[in-house]
Every structure is written in C-alpha cells, then in structure tokens.
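The chain contents come next:
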Amino acid sequence: QQQVKQSPQSLIVQKGGISIINCAYENTAFDYFPWYQQFPGKGPALLIAIRPDVSEKKEGRFTISFNKSAKQFSLHIMDSQPGDSATYFCAASRRAVSRDDKIIFGKGTRLHILP
Amino acid sequence: DAMVIQNPRYQVTQFGKPVTLSCSQTLNHNVMYWYQQKSSQAPKLLFHYYDKDFNNEADTPDNFQSRRPNTSFCFLDIRSPGLGDAAMYLCATSSQGPLHFGNGTRLTVT
Numbered sequence: 137q138q139q140v141k142q143s144p145q146s147l148i149v150q151k152g153g154i155s156i157i158n159c160a161y162e163n164t165a166f167d168y169f170p171w172y173q174q175f176p177g178k179g180p181a182l183l184i185a186i187r188p189d190v191s192e193k194k195e196g197r198f199t200i201s202f203n204k205s206a207k208q209f210s211l212h213i214m215d216s217q218p219g220d221s222a223t224y225f226c227a228a229s230r231r232a233v234s235r236d237d238k239i240i241f242g243k244g245t246r247l248h249i250l251p
Numbered sequence: 006d007a008m009v010i011q012n013p014r015y016q017v018t019q020f021g022k023p024v025t026l027s028c029s030q031t032l033n034h035n036v037m038y039w040y041q042q043k044s045s046q047a048p049k050l051l052f053h054y055y056d057k058d059f060n061n062e063a064d065t066p067d068n069f070q071s072r073r074p075n076t077s078f079c080f081l082d083i084r085s086p087g088l089g090d091a092a093m094y095l096c097a098t099s100s101q102g103p104l105h106f107g108n109g110t111r112l113t114v115t
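Keeping their order, the protein sequence lines are chains A and B.
Numbers 137 to 251, taken from my numbering, label the letters of the first sequence in order.
Numbers 6 to 115, taken from my numbering, label the letters of the second sequence in order.
Okay, chain B solo, but in the shape it has when bound (with noise of 0.2 Å):
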C-alpha cells in the first residue's frame, strides 16, 4: 500500500543532543510537511517542500531544519532539542486535495 512512513516511532534524546526524524513516501506526492503536534492541540505547520522549494513558517524556531533529497524522503533535524520541544512530529504529503499522514515520531528530550 501507499503510505507515509516515519522512523522512528519513539524517540529519546538528551537536552541540547542533535536529533534527525525521517520521513518516506511511496505516494510520489510532490508537496511534503512537517508538523508539531503537542496533545490536545492540532498539527502546527513547521515547514514544506512544494517539489524542491522550501518553505519555512515564520513563527518556525531556528532550531529546527529540514532536509528533502530526493522525492520520496524528507527529514528535520532539530539541532539543540530544549524540552519545549517535546511533542508528536507529523509528516504528511499531499497532490491535489487532502493531506495523507504518517503515524509520527514522539519526541521525549530529558
């Protein structure tokens, strides 16, 4: 099946540790996102890729990037995770129409 794919599904990094979340795609979509999602909250946009262009919210900290080589892959790196940081990270992509997720990598920083 097509689907959205992200690793991991948990992860655990120390204050301040680099951290890199992927994401894959077998959709071939060409737009793909990276949300924040703190619980009970909904999915706050971070940045995208329409095809190769980036796109990077305003209210985005500078502490997080992303990375998009190829179609199919896209990854953010958070590079001095602070605990505020803590939260589900939601990849999706989209065509025309509706947004398809993947299931999302939980971020724990201690």
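Isolated chain A (complex conformation) (with noise of 0.2 Å):
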C-alpha cells in the first residue's frame, strides 16, 4: 500500500532528445506527487510537482503526466541536455502532511544525457 515503484532504474539519452521516467503507486489517499532532482554532493531539489486534480503540468522543458485510474504519473524531460544527468526521485505523499504521514520515495533513476 506504501510503495512507489520507479522505473528505469538508469537511463541513457541522447541531448536533444526526451527523457521519460515513470513511477507507479498503491495508495489512493495521496495526493501530492513530486519530483525531486538530485546532483553528486547536493540534496534532492524539488523539480516540479503535480496534483491529482490535473492531468499535466508543464514547466519550461518539464513535464508531468498523471493518470489516477491507473495510478502511474510521469516525467518527461524535453530536449535533453547534458546538465540534466542526475538522480531523479518520485515521490508520494498527502499534500496535508500530519504526524502519521510519511512521503514514500521511488528508488530513483539515474539520468545520463550524452552530449
């Protein structure tokens, strides 16, 4: 009920080209969905972050998409640069974060975008 699964766990793209890495969850109550972006030697930073009640948001050459039917929500990196390698981590979560709430993290996928 409290996992997030992410997939691929690395992937390898071409600059200029798109980046997709999905995540799937289990428990219907969250409704807060971020992606975090982590470089060698810094914290994870929150990339962008989407709510259930759209379907996609957009900013700049990031792009979330989200379907709740199938619980699965999606980055997509358009136009793939070099200084996009990194770490990328999804995560789950209720947006109203309470003493018992827990933000659940994908195991990661480690973007490599070859210049």
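Quick caveat, the hints were computed from the structure, so don't treat them as lab data.
It cannot be assumed that every hint is accurate.
[Said to hold, decoys possible] Examples of chain A residues lying across from chain B (beta carbon under 8 Å, computed): (1) 198; (2) 244; (3) 246.
[What the hints assert, rightly or not] Straight-line alpha carbon distances no greater than 30 Å define the calculated DSS-like cross-link-like pairs of lysine-lysine that follow: (4) A:141 with B:43; (5) A:178 with B:57; (6) A:194 with B:57; (7) A:151 with B:57; (8) B:49 with A:193; (9) A:151 with A:194; (10) A:243 with A:141; (11) A:204 with A:193; (12) A:141 with A:151; (13) A:194 with A:238; (14) A:141 with A:178; (15) A:243 with B:49; (16) A:204 with B:22; (17) B:22 with A:141.
Ideal placement from N, C-alpha and C gives every residue a C-beta, glycine not left out.
Reassemble the complex: the two chains are provided individually, in unrelated frames, and hints are given to aid placement.
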C-alpha cells in the first residue's frame, strides 16, 4: 500500500532527446506527487510537482503526466541537456502533512545525457 | 535566502566514537526530517519532528538519536558509529507540500 515503484533504474539519452521516467503508486490517499532532482554531493531539490486534479503539468522542459485511474505518473524531460544528468526521485504523499504521514520515495533513476 | 543548512559538510569519525550532525532552517517549517542516504539509493527516513512531537521509524537503529531544541535547529546524534553508518545524512523541512533538503553531511567512519 505504501510503495512507489519507479522505472527505469538508469537511463541514457542523447542530447536533445526526450527522457521519460515512470512511477506507480498504490495508496489512493496520496494527493501530492513531486519529483526531486539530485546532483552528486547535493541534497535533492524539488523539480516539479502535481496534484491529482490535473492530468498534466508543464514547467519549461519538464512535464509531469498523471493518470489517476492507473495510479501512475511520469516525468518527461524535453530537449534533454547534459546538465540534466542527475538522479531523479519520484515521491508520493498527502499534501496536508500530519503527524502520521510519510513521504514515500521511489528508488531513483540515474539519468545520463550524452553530449 | 530561506534555506536548510547542514554542518559540517563532511565528517570523519572513528568506529565507536560519538558524532553529532546539525541542521538549521530559516523557513520556519514545523516539520523536520532526518534521512540517511547511501550511494545510488533513495533517502531513508530515520526520524521526523512534527512540531515538538518526535516520530521514530521502526527500523531506525537505537544507535541513532535526535534532538530538536527549537523550531530552527535539529541534531542527529550517532552514539557508537559503525562502518555501516557511513552515508550521506540529509536534513529536510516541510510545511505543506514539498520537502526542502539541506546539502547533507557526508559521514565517513574509519
């Protein structure tokens, strides 16, 4: 019930290509789905997030697609650049964090963009 | 800029020698978290504070303790570090929505 399954584990994309990372969740109480980007030696940083009342959210080259019925969401990076090379984590939680709430992370995707 | 600051960035300690990692925040968030992250893995939650309420994950070793003396500061104490405790330790805060992470403390145990 609490898992978030992320795939692929690693991804290599040519510069200018589209990078796609997928996540699936189980707990229908989750209503907040962020993506975090982490560079080596740094903490994760929020990249983009979506709530289930919309099916897509776009910020620059980054888009989240959300399928509520399938309990799946994905990150698309358009025109991928070498500077996008990082580890990406999807996560799921309830937006109104209470004492008992936890943020569940996917296992991460190591993305490498070839120059 | 409002942020989460962790000190030190790198910490080397000897096997069994107690160590304390610190975290401060200027975001005034009520929730603070400590995560352990080993290479190529997702952050693993150790503890979190919801205001002053302390929540310990069931699988967090007894070796690990935490203190939050006020809203802005939080400490992670490792009483007797073992080689398996070498990792990046991440502090994070939240109010409603996203986590705000510090840049972590890289702990080496010799």
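Results for each hint:
| no. | hint | result |
| --- | --- | --- |
| 1 | 198 | violated, 14 Å |
| 2 | 244 | holds, 5 Å |
| 3 | 246 | holds, 7 Å |
| 4 | A:141 with B:43 | holds, 19 Å |
| 5 | A:178 with B:57 | holds, 27 Å |
| 6 | A:194 with B:57 | violated, 37 Å |
| 7 | A:151 with B:57 | violated, 47 Å |
| 8 | B:49 with A:193 | holds, 28 Å |
| 9 | A:151 with A:194 | holds, 20 Å |
| 10 | A:243 with A:141 | holds, 7 Å |
| 11 | A:204 with A:193 | holds, 14 Å |
| 12 | A:141 with A:151 | holds, 26 Å |
| 13 | A:194 with A:238 | holds, 26 Å |
| 14 | A:141 with A:178 | holds, 23 Å |
| 15 | A:243 with B:49 | holds, 10 Å |
| 16 | A:204 with B:22 | violated, 49 Å |
| 17 | B:22 with A:141 | violated, 37 Å |
In summary, the structure is inconsistent with hints 1, 6, 7, 16 and 17 from the numbered list given earlier, while agreeing with the others.
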